[in-house]
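S.K.: Listed below, chain by chain, are the residues.
6 protein chains.
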Amino acid sequence: MPLSEKAKEFREARERLNEIVLKESSLTIKRFFNLDTQAYSDGALPVKSKELLGLVASLVLRCDDCIMYHLLRCHEEGVTDQEFEETMSIGLIVGGSITIPHIRRAFKEWVDLRDA
Amino acid sequence: MPLSEKAKEFREARERLNEIVLKESSLTIKRFFNLDTQAYSDGALPVKSKELLGLVASLVLRCDDCIMYHLLRCHEEGVTDQEFEETMSIGLIVGGSITIPHIRRAFKEWVDLRDA
Amino acid sequence: MPLSEKAKEFREARERLNEIVLKESSLTIKRFFNLDTQAYSDGALPVKSKELLGLVASLVLRCDDCIMYHLLRCHEEGVTDQEFEETMSIGLIVGGSITIPHIRRAFKEWVDLRDA
Amino acid sequence: MPLSEKAKEFREARERLNEIVLKESSLTIKRFFNLDTQAYSDGALPVKSKELLGLVASLVLRCDDCIMYHLLRCHEEGVTDQEFEETMSIGLIVGGSITIPHIRRAFKEWVDLRDA
Amino acid sequence: MPLSEKAKEFREARERLNEIVLKESSLTIKRFFNLDTQAYSDGALPVKSKELLGLVASLVLRCDDCIMYHLLRCHEEGVTDQEFEETMSIGLIVGGSITIPHIRRAFKEWVDLRDA
Amino acid sequence: MPLSEKAKEFREARERLNEIVLKESSLTIKRFFNLDTQAYSDGALPVKSKELLGLVASLVLRCDDCIMYHLLRCHEEGVTDQEFEETMSIGLIVGGSITIPHIRRAFKEWVDLRDA
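Residue numbers (our numbering), protein chains in the order written: chain L, 1 to 116; chain R, 1001 to 1116; chain C, 2001 to 2116; chain Z, 3001 to 3116; chain X, 4001 to 4116; chain V, 5001 to 5116.
Here chain L stands alone, though its shape is the one from the complex:
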């Protein structure tokens, strides 16, 4: 699946820094990273639904890197434009106008992924 330039750079930087963290870190951090992966694996809720949960949580907590990560995963899992938009809407209503700068960047990236 083709990625936008920004998405490619994001993924590479993330990999590079994760290597440093895991090299320097103890069991607690390593195990947390494993749990983090497990939490989004297929279960009673399918992976796609879980990525949408991760996306809305990242939006209301206003973390651009986390939004970018889950937005890419949503794109890979086949989330449609309308599903993406409805998830953004709920995040906006719950989190208020303070989320708008993040929503702007998320829609820009979503459109870039679609066009890539």
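No wet-lab data here; the hints were simulated from the structure. Among the clues, some could well be false.
[To be verified] Partial selection, computed: residues in chain Z whose CB lies under 10 Å from chain C:
(1) 3024
(2) 3027
(3) 3059
[Claimed, not checked] Short, incomplete list of chain X residues facing chain L, as computed with Cβ under 10 Å:
(4) 4007
(5) 4023
(6) 4026
(7) 4027
(8) 4032
(9) 4035
(10) 4038
[As the list claims (entries may be wrong)] Output of the computed footprint for chain R on chain L, the stretches with three or more beta carbons under 8 Å from beta carbons of chain R:
(11) 37-51
(12) 77-84
(13) 93-106
As the structure is a computational prediction, the values presented were derived from the model and not from experiment. Glycine is no exception: its CB is placed at the ideal position from the N, C-alpha and C atoms.
Dock chains R, C, Z, X and V against the given chain L, drawing on the hints supplied.
M.R.: Relative to chain L, chains R, C, Z, X and V alone:
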């Protein structure tokens, strides 16, 4: 659908206070309340999925009243124990141990609803 | 100026606990408490405007005790119903639906103060 | 009213991204954007007071883009240096030292606007 | 070590609810609870220092239950009045006046533990 | 003590902006800056312990500039790799995966300081 005692009191207090807010408030607040309702209506994502999004957003933002509201709506929409648990897991991983007091109260209420 | 029962209890508990904090605390905390008072004193902006700033900041950070404190001060400074409502509206738009439980309690207290 | 270079770029980027959001979004997001505008319109509180409320709320929630937006609007509405400084002071006291990086950037921009 | 009444009730309620959570939850939540315990175990930093880290983190995130938990652990680990006060001071400076209601309740509980 | 390039630029920018803030600001902000310094001075807890408290508070509140500042101070105070890692672990557990992007940048900077 039978409610726990706590859930009944929660809903009554919520109604009573909403009446005060709407009586005292201008168009901006009234319109926001309408938007809030619209955001969770059936769309590309079904109501159930949207209530799970509202639940996880409320959990990571750590608002007991908001968690209680979406938890009751999830229960009404037929969310299963396992779906509830997986949503709580994602909220815990994203939001960390600071969410645990809310997770404790949420599971307690979920069990009480199931047993009601 | 007459107070509601809840407002009286709030003020008494606040005084009682502040005494404990100041008795147990060092210069840093004592000086912070002084700065906190100074920040709301009459200046280029009148006291009333500053209390509205304190109110909206408390609302978007979702602290009931802080909302209660500034709401009482706004009432003492002659803030009108409409000014109160417009400040709540801005807090709601900025902070989103997660502020609604606090807005409900704030309007309830505002009405009780007006009727006291 | 002359703008600093940073302010011009900020406004252009904001416009460009808002267009994408509104093109891609449904009624809920569009209506929220309208409500957001309405909340700051002239009422019992004048526009200037409302922009100061928006500024302090953005500061304590620590959103640079939101601070930049309201800071520009405050500048346009004739907020004085002293009024700006007192609003920053209240935000600092309420929100603590974690707001200082945002306060630094806000004062820098305020001075640049004054000198533009 | 004698506990205040409030501390006893807190611990009992915590135990009771933890049982429900662990009974209802999957591996992800159970493993997170284990990691949470591990993170505060003796290491390069002694347990006491780690509990002070947990306390200040809970204070700036403004979670009363988390503050209560770490405050009790600090008391058990022999944290002195002055060490407690200095940790509260740092939390107050970092987190601002919005932490004061939590600081009030924390000092009240600290004094009650000392007197128990 | 040698600094990384990023650390040097960070310190210079911080100094330059602090000068602007202090030139433009009144007593409240100036006094807050003094209190901020005092809170981390040697007391019942040594400076090193206080910088670790500042670091974990900055991490859970997710402020990169504040993390960078305390990370540099920790390095100057002789915090070891393992002490740094255990503090990051506690921040990760308390604050959840939303802190991970900050943890990545913090470990990167820590390694760069060590290698400088």
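S.K.: Hint by hint, say whether it matches the structure.
M.R.: Do the hints match the structure? See the list:
no. : hint   : verdict
1   : 3024   : 20 Å, violated
2   : 3027   : 17 Å, violated
3   : 3059   : 8 Å, holds
4   : 4007   : 27 Å, violated
5   : 4023   : 17 Å, violated
6   : 4026   : 8 Å, holds
7   : 4027   : 7 Å, holds
8   : 4032   : 6 Å, holds
9   : 4035   : 6 Å, holds
10  : 4038   : 6 Å, holds
11  : 37-51  : holds (count 7)
12  : 77-84  : holds (count 3)
13  : 93-106 : holds (count 3)
Violated hints, listed in ascending order, are 1, 2, 4, 5; each of the other numbered hints is respected by the structure.
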